[in-house]
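Colleague: The numbering used here numbers the first residue of the sequence shown as -16 and each following residue consecutively.
Read the hints as simulated data drawn from the structure, not as lab findings.
Idealized CB from N, CA, C, for every residue including glycine.
Treat the hints loosely; a few may be bogus.
Claimed, not checked - Okay, derived cross-link-like pairs now, SDA-like style, lysine to any residue, Cα gap no bigger than 25 Å in a straight line: (1) K59 - L75; (2) K89 - T23; (3) K55 - I90; (4) K33 - Y6.
To be verified - Ranges of calculated distance between the beta carbons of each label pair, as one might list FRET restraints: (5) Q25 - A64: 16 to 22 Å; (6) D48 - N99: 19 to 25 Å; (7) L63 - G24: 19 to 25 Å; (8) I94 - Y22: 19 to 25 Å; (9) T23 - G76: 14 to 20 Å; (10) G24 - N96: 29 to 35 Å; (11) I98 - T23: 22 to 28 Å.
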Amino acid sequence: MKKNFFFKAFESKYAKNKSREVYVFCRKEAILAIIEFIYTGQVDCKVFTKKNYSLILEIYQRAHDYGLTTLKEMIKVFILAYLDESTLSILLGSGILNKEDSFLKKIFNFIPNIINKTI
């Protein structure tokens, strides 16, 4: 499945002028983490810090788009572990909750608890 996305990318709207270049629309750090995962099956643990919450969400979003289920499973832990009043606004502003994803719908169960803690 990993290979499938990139093969399709070379043959589709992401490829420009048959140049064999694929255009991805995310931060460099996010795509580097994804490429590292594709080649090694791992991601550098330095990526997964609370300070990088928006990057974690972006990697999750791209993993969802690219069909990288195993990577998504790895990232879920960090999304929930770091979800608190300081990261809630990042999560809500990311647009990630608009995805069709059962995990993201479960996050809605945690949001009232976070809001109640801040009141």
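Colleague: The structure should be examined with respect to each hint, and the outcome stated for every one.
Modeller: Hints versus structure:
1. K59 - L75: Answer holds: K59 to L75 is near 16 Å, not above 25 Å.
2. K89 - T23: This hinted pair is violated, its Cα atoms lying about 29 Å apart.
3. K55 - I90: Holds, at about 14 Å.
4. K33 - Y6: Given that 25 Å is the threshold and the Cα spacing comes to 28 Å, the pair is violated.
5. Q25 - A64: 16 to 22 Å: 18 Å, holds
6. D48 - N99: 19 to 25 Å: 33 Å, violated
7. L63 - G24: 19 to 25 Å: 22 Å, holds
8. I94 - Y22: 19 to 25 Å: Violated: the Cβ-Cβ distance is about 35 Å, outside 19 to 25 Å.
9. T23 - G76: 14 to 20 Å: Since T23 and G76 have Cβ atoms about 31 Å apart, the given range 14 to 20 Å is violated.
10. G24 - N96: 29 to 35 Å: At roughly 33 Å between Cβ atoms, N96 and G24 fall inside 29 to 35 Å, so the hint holds.
11. I98 - T23: 22 to 28 Å: 38 Å, violated
Violation of the numbered hints given earlier is confined to hints 2, 4, 6, 8, 9, 11; the remaining hints are satisfied by the structure.
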